[in-house]
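Peer 1: Here is how the chains run, residue by residue.
There are 2 protein chains.
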Amino acid sequence: MSVLPPDMDAGTFAVFLEELRAVVGADWVWSGDEDMFTYRDSFSPVWNTAQERHASAAVAPESVEQVSQVVRVARRHRVPLYPISTGKNFGYGGPSPNVHGSVVLDLKRMNRVLALDEARAFCLVEPGVSYFDLYREIQDRGLKLMVDCPDPGWGSPVGNSLDRGIGYTMGYFRDHFGAHCGMEVVLPDGEVMRTGMGAMPGSDTWQEYPYGFGPSPDGLFAQGNFGVVTKMGFRLLPLPEYYRTAMITVPKRRDFVKLVEHVNYLNDSALIGEVEYGSPMRAKMADRDYLALVTKTGGPSDAEMDAAAEAAGLHNWQVELQFFGPEKSTLENWNYAKDRILSAIPGAVAIEGEHFPLPATEEQLDHARQPYASSIKRRRSLGVPSLGEWKIVRDDGHIGFFPVLPRTGEAVFEVQRVLGDAMKEFPALPPYFNALTTPLMWHTHTFQMVFAPSVRHNDPAHNEMAHNAMKKCVAVAAEHGWGDYRAAPIYQDDVSGTFSFNNHILRRFHEQLKDAIDPDGIIAPGRGGVWPRRFRQ
Amino acid sequence: MSVLPPDMDAGTFAVFLEELRAVVGADWVWSGDEDMFTYRDSFSPVWNTAQERHASAAVAPESVEQVSQVVRVARRHRVPLYPISTGKNFGYGGPSPNVHGSVVLDLKRMNRVLALDEARAFCLVEPGVSYFDLYREIQDRGLKLMVDCPDPGWGSPVGNSLDRGIGYTMGYFRDHFGAHCGMEVVLPDGEVMRTGMGAMPGSDTWQEYPYGFGPSPDGLFAQGNFGVVTKMGFRLLPLPEYYRTAMITVPKRRDFVKLVEHVNYLNDSALIGEVEYGSPMRAKMADRDYLALVTKTGGPSDAEMDAAAEAAGLHNWQVELQFFGPEKSTLENWNYAKDRILSAIPGAVAIEGEHFPLPATEEQLDHARQPYASSIKRRRSLGVPSLGEWKIVRDDGHIGFFPVLPRTGEAVFEVQRVLGDAMKEFPALPPYFNALTTPLMWHTHTFQMVFAPSVRHNDPAHNEMAHNAMKKCVAVAAEHGWGDYRAAPIYQDDVSGTFSFNNHILRRFHEQLKDAIDPDGIIAPGRGGVWPRRFRQ
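Protein chains in written order, with numbering that gives the first Met the number 0: chain A, 0 to 536; chain B, 0 to 536.
It should be emphasised that the hints constitute simulated quantities derived from the structure, not laboratory data. Among the hints, a few may not be true.
To be verified - Which chain B residues stay away from chain A? Per the calculated CB distances, all over 10 Å, these:
hint, residue
1, Leu115
2, Asp139
3, Leu142
4, Glu275
5, Asp288
6, Gly324
7, Tyr335
8, Ile350
9, Ala367
10, Ser373
11, Ile375
12, Ala477
13, Phe508
14, Gly528
What the hints assert, rightly or not - A partial selection of chain B residues facing chain A, derived with a Cβ cut-off under 10 Å:
hint, residue
15, His53
16, Tyr264
17, Leu439
18, His442
We treat Cβ as the ideally placed atom computed from N, Cα and C, and that holds for glycine.
Using the sequences and the hints given, assemble the complete structure.
Peer 2: Shown next, in the form of structure tokens:
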């Protein structure tokens, strides 16, 4: 199988690759099936089908100057580049491009931590720096700083935040794009731009004040294709003195509504870190009658759920809380949370968790006490990168739809019912949306839910089912106003299409801007649903 | 004096105004010197000079549909519109445009609070809603929500945040643009666009998740001219249970460096609200010898400053702290802050302030105990809008330069010296940058300083001096990497010019985008330093 860039013949492609080698050196340009294998998306539901999108080559520059030159070469030849940081964006397309034949611009060699400041709590990193790299650099230098890292932690702060990835600590750090401060970008014509205070020569506040003066274009580069981000600053958490966990359970199904309101208050007041909702009744899903109840068409009634929980001697819901701060403050914050919720919800029960000074010991990281955080989650809660979630990947990988929902209990019940019913068409899938499905609190002020069908390299029928389920789930959710926050290239047009207010004006606006700076689609055409003129037909 | 839009004669102007009247009604279009007086910038240093920029007319639509139609009419006639929300942006140009002859698009009639949610802590407002309006609506409905308001509070959340205004409570709410969530914008061709989850029809998460899917253009509309913002969402603070103030003083000049590091830690850990740095020695500035010392060319030495403070029996620095949260948590946070700083800085003294449950009583708002917050500041600290700062305006108004500085004590000392020396050329000005000048902590992670020369309507010589001082201060600060965060139209090109990395690529990028959607400059040409093709010559 020979893959070529769009509108290019093999002879010109060879010339183009020679020009890339002249920029980055012969060792840093790859093409051909064997070398390009690692640039395939191993989580792809269209793996080994005609729909799989293959890159034609990859090029790895080591500096912003080389990135600029690569972009200029690509522009001259009208070759689409697909920039990746570490390329670990599994579930969202990995290193694989929107456009078949694109050349992967692999930024892995640009892996320098350019600034790391304890007193001002920030870093400036290149795209190839991973969360592991950043964490290690902090430990090696003995700095009292904490990273908010995704799980697994092999991805890069730059890549993760540009795809609007999330973490698991305090609210304003969990939103990785929101925690960025300052960017350097190579534009589609090869010019190097710095945003915020980076635009002022000699400024030492690039990572302290995000806006600079005048309009701020940073948002165009997240889930977008307006340039190649080559440096990015991030706010880091000052290492808290102390860490504390706890759990609250509430008996009745309808108690969830009040529970959410109180947890929202604690979250928005910065008294707690990320929370994890769940249900003590999940253990009962092995019981066929109970499974039938929680997956019942139209949803179970409150009375049915309450009766089942009472029969089991369990509560309907739980929330795991975590507190960061001075030791006594974490205790008082927990006491406040407990008093507030227990006095508001009859029968609510508070359960103390673990608590210890930070940084945690290896023992504390490895042996988190159940039923609270597993040791995997313990690490991510404390900003210690691991390969945790990677270990629980089913089959050969998965795709993902994480709809954004109103932060209310009622909305959660509605999603359980609507999407639960809609997905009954795909009985081979686990019941992602059942009456025990709880929302994620990843971003600062948003609920999301998980829909993540697995893929199997040797089972095209399964993959096709997963693919169809995914498309249907996106569509049905959109009918109810629940939209995806992130998608793999093969789903980006579907998802983008659901953000359709006023005849897709948001997309049309982005297309207008894209055409102005990159009509030939040199940078990631199609990314985020934004296609330049050349590819719009 | 007859003011006409650029390239337009009186006859066509009359036709144009008729067309505007057809859209909004005859009562809502104004022109002529008398009616247009209130659209002049009464704080202008070029008041009544040839450089003053006058609007030719004003139009006040009452709905987004009317805004859209006004924009289409203006586009057909190539008339620049200058959108204002409440037009109170005093010190930054007020309602007066960048381009002489522009038509003010006055959004004051669009003053509806469209959503206000206690459990999810957000609002959705139109541009004409003032902080007073929003505060009153919250009180009238008895909601436990707090607004972070600027001072004075007659401005609008939309207008203030689009100019990147600030407040005085908890870090992530003080950054008013950063606290926004979702926008509706009328584009230069009259199309209506919604950003974030607002782009998904039927979504109920427009004020909960800011990004939606794909690129996020919101930053282009702040200090920019890519559209007219007609709706905007904001996160609000859940009303904290309790409020507590305190002060710490440190004896020696150099102690400031450590003090800043500890306060940064408390701030970045969300343990405190806005802080106010100061000096107990400011009272001594009436003493001529001491004034001479703190304004000495090249700056005083540490030893000189320490000797003077010791002779006066006073400390060199103070910081006022405020704590929001559960009662016991605020106490523990204060104990932690106190222990941390007192154990790190020999001779530091901790002084308890006031503390009470929220909402505060009128008595607590009106009689804040000195030397902590004045009653003016008390209100703004607690999100109660007032006309506080307005009362202390000198002469007829002022202009303002608030450079962004590194968040370190050393940077503060350097700014005191460099800008203090530079401004000696203007001895009639107060010594804005002297050895007791302390930084502002308005934004979440940024220091700024105040330079705000007054203007006098009947004293052109004074105004010219202030104008020249302003220009010099911007230029000298830029040589050291200290850039302005916000400027009046007459200074926007100067300030924008200092953000010059790579031959002004940031500005050139914005110009390219602006040309793509608004080459004729229908929306605020020149705003934020961005000029469309038509006006670039």
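Peer 1: If a hint holds in the structure, say so; if it does not, say that too.
Peer 2: Structure-based check of all given hints:
1. Against chain A, the non-interface label of B/Leu115 holds: every CB pair exceeds 10 Å, the least being about 15 Å.
2. The claim that B/Asp139 lies off the interface holds: its Cβ sits roughly 21 Å from the closest Cβ of chain A, which is beyond the 10 Å cut-off.
3. The claim that B/Leu142 lies off the interface holds: its Cβ sits roughly 12 Å from the closest Cβ of chain A, which is beyond the 10 Å cut-off.
4. Consistency note on B/Glu275: stated as away from chain A, and its beta-carbon is indeed over 10 Å from all of that chain's, at 19 Å minimum.
5. Remark: the non-interface label on B/Asp288 is consistent with the geometry, its nearest Cβ contact in chain A lying 34 Å away (cut-off 10 Å).
6. Distance to chain A contradicts B/Gly324 as a non-interface residue, since its nearest Cβ pair spans about 7 Å, not more than 10 Å.
7. A Cβ of chain A approaches the Cβ of B/Tyr335 within 10 Å, the least distance being about 4 Å, so the stated non-interface status is violated.
8. Taking the minimum C-beta to C-beta distance to chain A, about 20 Å, the non-interface status of B/Ile350 holds against the 10 Å cut.
9. The claim that B/Ala367 is not at the interface with chain A holds, since no C-beta of that chain comes within 10 Å of its own (minimum 23 Å).
10. With a least CB separation of 26 Å from chain A, B/Ser373 remains clear of the 10 Å interface cut-off, as annotated.
11. Distance to chain A confirms B/Ile375 as a non-interface residue, since its nearest Cβ pair spans about 26 Å, more than 10 Å.
12. For B/Ala477, the requirement that its beta carbon stay farther than 10 Å from each beta carbon of chain A is not met, with the minimum near 7 Å.
13. Distance check on B/Phe508: its Cβ comes as close as 6 Å (rounded) to a Cβ of chain A, failing to clear the 10 Å threshold; non-interface status is violated.
14. Annotated as non-interface, B/Gly528 brings its C-beta within 10 Å of a C-beta of chain A; the closest such distance is 5 Å.
15. Interface restraint check for B/His53: the shortest CB-CB distance to chain A comes to about 24 Å, outside 10 Å, so the restraint is violated.
16. Of the supplied interface hints, the one on B/Tyr264 holds, with its beta-carbon coming within about 5 Å of a beta-carbon of chain A, less than 10 Å.
17. Taking 10 Å as the C-beta contact cut-off toward chain A, the hint placing B/Leu439 at the interface is violated, the least distance being around 12 Å.
18. Checking B/His442 against chain A: minimum C-beta separation of about 6 Å stays under 10 Å; hint holds.
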